[in-house]
Amino acid sequence: MSKIYESYLELPSPIIEEIKKLVIKYKLSDSDLKEVLNRTKKAYENKLIEPGEAIGIVTAESFGEPSTQMVLRTFHFAGVSEMNITVGLPRLIEIFDARKEPSTPIMEIYLQKKYSESPTRVKEIAEKIKGNTLQDLASEFLLNIMDSHVEIKLSRNKMQELNINSKQMSDIVQNALKTVIVQQDRDSLIIKSTAKDTKLSDLYKLKEKCKEIHICGLKGITQVLPMKEGDEFVIYTAGSNLKEALEIEEVDAKRVKTNNLFEMANILGIEAARQTIINESIKVIKEQGLSIDIRHIMFLADAMTKSGVIKGVTRSGITKEKESVLAKASFETPIPHLVNASLVGERDSLNSVIENVMLNQPVPLGTGLPGLMAKMKDTKK
Amino acid sequence: MTEVYLDEKYIGEVDSPREFVKKVRSERRKNNLPNALNIFYDSDLNEVKIEMSRGRARRPLIVVENGKPLLTDKMIEKLGTELTWSDFVKKGIIEYLDASEEENAFVALDEKDLTTKHTHLEINPITILGICSSLVPYANFNASSKLIIGNKFQKQSLGLYASNFLIRMDTDVSVLHYPQIPIVRSFMSDIYPHNEYPNGQNIVIALMSYEGYNMQDAIILNKGSVDRGLGRSTFFKPYKLEELRYSGGLKDDIIIPDKEVKGYKSERDYRYLEEDGIIYPEAKINEEEVIIGKISPPRFLGELEEFSIAANIRRENSVTLKHGESGIVDMVVITENEEGNKFIQVRLREQRIPELGDKFASRHGQKGVVGLIVPQEDMPITAAGITPDIIFSPHSIPTRMTISHLIEIIGGKVGSLSGKYIDGTTFDSRSEQSIREELASLGFREDGTEVMYNGITGERYKVRIYVGNIYYQKLKYMVKNKLQSRASGKVQLLTRQPIEGRAKGGGIRLGEMEKDCLVAHGASLLLKERFDSDKTILYVCENCGMVGMYDHFKSRKTCPKCSGNVEISAIELSYAFKLLLDELKSLCIYPKLILRSKY
Numbered sequence: 001m002s003k004i005y006e007s008y009l010e011l012p013s014p015i016i017e018e019i020k021k022l023v024i025k026y027k028l029s030d031s032d033l034k035e036v037l038n039r040t041k042k043a044y045e046n047k048l049i050e051p052g053e054a055i056g057i058v059t060a061e062s063f064g065e066p067s068t069q070m071v072l073r074t075f076h077f078a079g080v081s082e083m084n085i086t087v088g089l090p091r092l093i094e095i096f097d098a099r100k101e102p103s104t105p106i107m108e109i110y111l112q113k114k115y116s117e118s119p120t121r122v123k124e125i126a127e128k129i130k131g132n133t134l135q136d137l138a139s140e141f142l143l144n145i146m147d148s149h150v151e152i153k154l155s156r157n158k159m160q161e162l163n164i165n166s167k168q169m170s171d172i173v174q175n176a177l178k179t180v181i182v183q184q185d186r187d188s189l190i191i192k193s194t195a196k197d198t199k200l201s202d203l204y205k206l207k208e209k210c211k212e213i214h215i216c217g218l219k220g221i222t223q224v225l226p227m228k229e230g231d232e233f234v235i236y237t238a239g240s241n242l243k244e245a246l247e248i249e250e251v252d253a254k255r256v257k258t259n260n261l262f263e264m265a266n267i268l269g270i271e272a273a274r275q276t277i278i279n280e281s282i283k284v285i286k287e288q289g290l291s292i293d294i295r296h297i298m299f300l301a302d303a304m305t306k307s308g309v310i311k312g313v314t315r316s317g318i319t320k321e322k323e324s325v326l327a328k329a330s331f332e333t334p335i336p337h338l339v340n341a342s343l344v345g346e347r348d349s350l351n352s353v354i355e356n357v358m359l360n361q362p363v364p365l366g367t368g369l370p371g372l373m374a375k376m377k378d379t380k381k
Numbered sequence: 382m383t384e385v386y387l388d389e390k391y392i393g394e395v396d397s398p399r400e401f402v403k404k405v406r407s408e409r410r411k412n413n414l415p416n417a418l419n420i421f422y423d424s425d426l427n428e429v430k431i432e433m434s435r436g437r438a439r440r441p442l443i444v445v446e447n448g449k450p451l452l453t454d455k456m457i458e459k460l461g462t463e464l465t466w467s468d469f470v471k472k473g474i475i476e477y478l479d480a481s482e483e484e485n486a487f488v489a490l491d492e493k494d495l496t497t498k499h500t501h502l503e504i505n506p507i508t509i510l511g512i513c514s515s516l517v518p519y520a521n522f523n524a525s526s527k528l529i530i531g532n533k534f535q536k537q538s539l540g541l542y543a544s545n546f547l548i549r550m551d552t553d554v555s556v557l558h559y560p561q562i563p564i565v566r567s568f569m570s571d572i573y574p575h576n577e578y579p580n581g582q583n584i585v586i587a588l589m590s591y592e593g594y595n596m597q598d599a600i601i602l603n604k605g606s607v608d609r610g611l612g613r614s615t616f617f618k619p620y621k622l623e624e625l626r627y628s629g630g631l632k633d634d635i636i637i638p639d640k641e642v643k644g645y646k647s648e649r650d651y652r653y654l655e656e657d658g659i660i661y662p663e664a665k666i667n668e669e670e671v672i673i674g675k676i677s678p679p680r681f682l683g684e685l686e687e688f689s690i691a692a693n694i695r696r697e698n699s700v701t702l703k704h705g706e707s708g709i710v711d712m713v714v715i716t717e718n719e720e721g722n723k724f725i726q727v728r729l730r731e732q733r734i735p736e737l738g739d740k741f742a743s744r745h746g747q748k749g750v751v752g753l754i755v756p757q758e759d760m761p762i763t764a765a766g767i768t769p770d771i772i773f774s775p776h777s778i779p780t781r782m783t784i785s786h787l788i789e790i791i792g793g794k795v796g797s798l799s800g801k802y803i804d805g806t807t808f809d810s811r812s813e814q815s816i817r818e819e820l821a822s823l824g825f826r827e828d829g830t831e832v833m834y835n836g837i838t839g840e841r842y843k844v845r846i847y848v849g850n851i852y853y854q855k856l857k858y859m860v861k862n863k864l865q866s867r868a869s870g871k872v873q874l875l876t877r878q879p880i881e882g883r884a885k886g887g888g889i890r891l892g893e894m895e896k897d898c899l900v901a902h903g904a905s906l907l908l909k910e911r912f913d914s915d916k917t918i919l920y921v922c923e924n925c926g927m928v929g930m931y932d933h934f935k936s937r938k939t940c941p942k943c944s945g946n947v948e949i950s951a952i953e954l955s956y957a958f959k960l961l962l963d964e965l966k967s968l969c970i971y972p973k974l975i976l977r978s979k980y
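Just so you know, the protein sequences line up as chains A and B, in that order. With our numbering as the guide, the letters of the first sequence map in order to residues 1 to 381. With our numbering as the guide, the letters of the second sequence map in order to residues 382 to 980.
Since the hints were made in silico from the structure, they are not lab data. Some clues are possibly wrong.
Examples of chain A residues toward chain B, derived with CB under 10 Å [what the hints assert, rightly or not]:
1. A60
2. L177
3. I181
4. V363
Ranges between beta-carbon positions, derived for each pair [as the list claims (entries may be wrong)]:
5. A/K211 - B/S526: 55 to 61 Å
6. A/G289 - B/I548: 44 to 50 Å
7. A/V71 - B/S544: 57 to 63 Å
Computed from a prediction, not measured in an experiment: that's the story for all the values here. We treat Cβ as the ideally placed atom computed from N, Cα and C, and that holds for glycine.
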């Protein structure tokens, strides 16, 4: 029986697997199976993209048309949800331009089964994940101009909640700031600069610096929000720190996500980044009540990640990869492209669309792709 | 202490501003102070401002004291006989507030809403609306956005814009031929002289589809109604010309140009001009024909060639009808302008019969473009034999929620059957219920629907159709002013691509996104054909890759750079690309064309 399948290798394996299951279920004979496979093959081939189909432009149009509608809608959602998340066109642009940092980094932290069901436990873990700076743990920052030092009054309650004492706090602060002396004084920390004469402005800068010192939790995570999804709790965070999140024992490392493409690529690899591009785009499009075929999104994600690093759809990203000088020059900054091409004596073989439009030649696509070869009769005879 | 300002100038201080303001107001109401005075206490800034200056927009309101309006029904009865409006103002029953004093007032919209806190009452709730909005019947049944859109259409509607239009020279105006007073109307159309200057016609409307020609916002017109004058208008367009004087004693001449004149058109183009070089009234004239003949001195004196015998060569500078225009000369005015130059104005008139693509709208923001003009015999008919003038798509109603449009239809039906005007004043209209009852008493279904028959087959429609009368406006956007087409014609000097603009006979740009569409469809050869408006033959030297030329003296192709015996081939490409190559050369980039046989 397996021999029959061998002649249908062009069918994708999931389809073959499915047919295999159905054969068992309906007890098909070999001739019936052949018929099934033949018809499947025909249907599959009908759905394949034909040679000369302009998939790139069709993809671009598939994104372009709905996004013109998105421009109008985006700003109407301002301030609705608890966390103000970038949605709509701005987010889509962010993804496709491959910005290093998303404007609202978000993580979805899934927990292991045994921790994810009790709300109190989840809350504890969430508190652990939340990054706290000195500002979160202090009740007051004072500038002592007379003695030129900064006095930080600590909040007992918060420290107790996070299970941290003032000794530890002073150590952390001392480590974070190299050029100061930290003294512990009951419920407050006194920070003195080691420099000889400190100006008032320096003291102010020191105070501002102190506020930002990271004390405990995951760095960069400013908010946590446990939410019930199905029968388990998921922790949503504002701010992203995938590396440290993966190190937490209770976290289900297989399912933790961030919307930061580059973090995904660096920690989980380029395939994960590709999937993130797809998921994040779908999320934006769905939210706006629009629909774009997933194959367009996949194609774009492939184009962005095929080189092993994420490249945005910009002149420094995937447009730079174009072979033709004229094609590159027709999209932003034409003169540098032309000058650089002339410096190395580049040769444009006019294989793509824009160059041929510029020269008013048939573009090698659709009806312009095939050539006709004919055997001419020898006219000399 | 509160500072007091009179017309923005500091005049003193008062201890208790509220008391002070109150006292001033009561003195004004007693007519001891001029009624043009407005006083306002700004509690945020703690300032009292008194305004007496000119140019403040003020509006009248009824004064309310202790929750009771001072204007009583008895006084209203006496109005016009014993009392006048200015008596009310003098007695302090009605007072005018400006924008700032309004800030201190608490105005009730309706007498029912009055409480002891109110200080004023609107004379009529309709006063919160503007002129256009207040003319819309049953506007309180609509979404405000549709009211605003409807206002815009009223401003665009054709009508009798000025009663002296025959002696006016306005730019691009139209006059509707048979304007009518609306049947369903607001009392504002009596106050504002809308009845003297109406801007639409009462027509019979049916809400149904017709062969798919009234999809979206399209409407179907009855050819019979159009022939009887529905939506017919006259379009006026003035042409002006001034006989200018130039330095050196030179001046323009308004005459029929000589054949020697530079840029002389054909004799045929000047055939309507009389001896004075100006067209005669009632001449039927078509595009690119001359209205006023004029010759001007050369633009630059350098143009005068030293050896030329005809040193005084002049150029043709006549006023001609633009591309696509036509009409009849309506009026010719020959005058002198402020500078003392001879000044000619010619007014063209053209009758505009509604045609496919003209824009119509009701007063409720329901616009539509004519999608089909149907012969009267093919229009649906009611049992009584009525054919509608306009067929309107029912799909235009649900999403836009213009209920007033529907109410006006039955209102108009009742009005035209009973021979009465129907009062549709916003907030204060005749109730829909009473209209329906009257419609039923006139022998029609109270819901406004009627049995109708297909005009083509004679079959009865399975559903009853909503028919009635409504006031419709023809809007000033007519296809004749928008129509644009071109096969070939003028091109730009630089790029050899077609020029832009309707009036100049230009093309419509097939832009970047349209190009993408053709590419996406794989219509490669169509794309090439669409973009070959500027194609040229270039002679390319196969040795150096630069553009050569064809030497007509020696009748051979040469390359100015390589000279000698090099192979030069002719290729066909867009002139724009040749320009790009030239631009690259100016950047000191050497663009070399490497040719290869296609076959």
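Taking the hints in turn, this is what the structure says about them:
1. A60: Holds. Min distance 7 Å.
2. L177: 47 Å, violated
3. I181: 52 Å, violated
4. V363: 5 Å, holds
5. A/K211 - B/S526: 55 to 61 Å: 48 Å, violated
6. A/G289 - B/I548: 44 to 50 Å: 58 Å, violated
7. A/V71 - B/S544: 57 to 63 Å: 48 Å, violated
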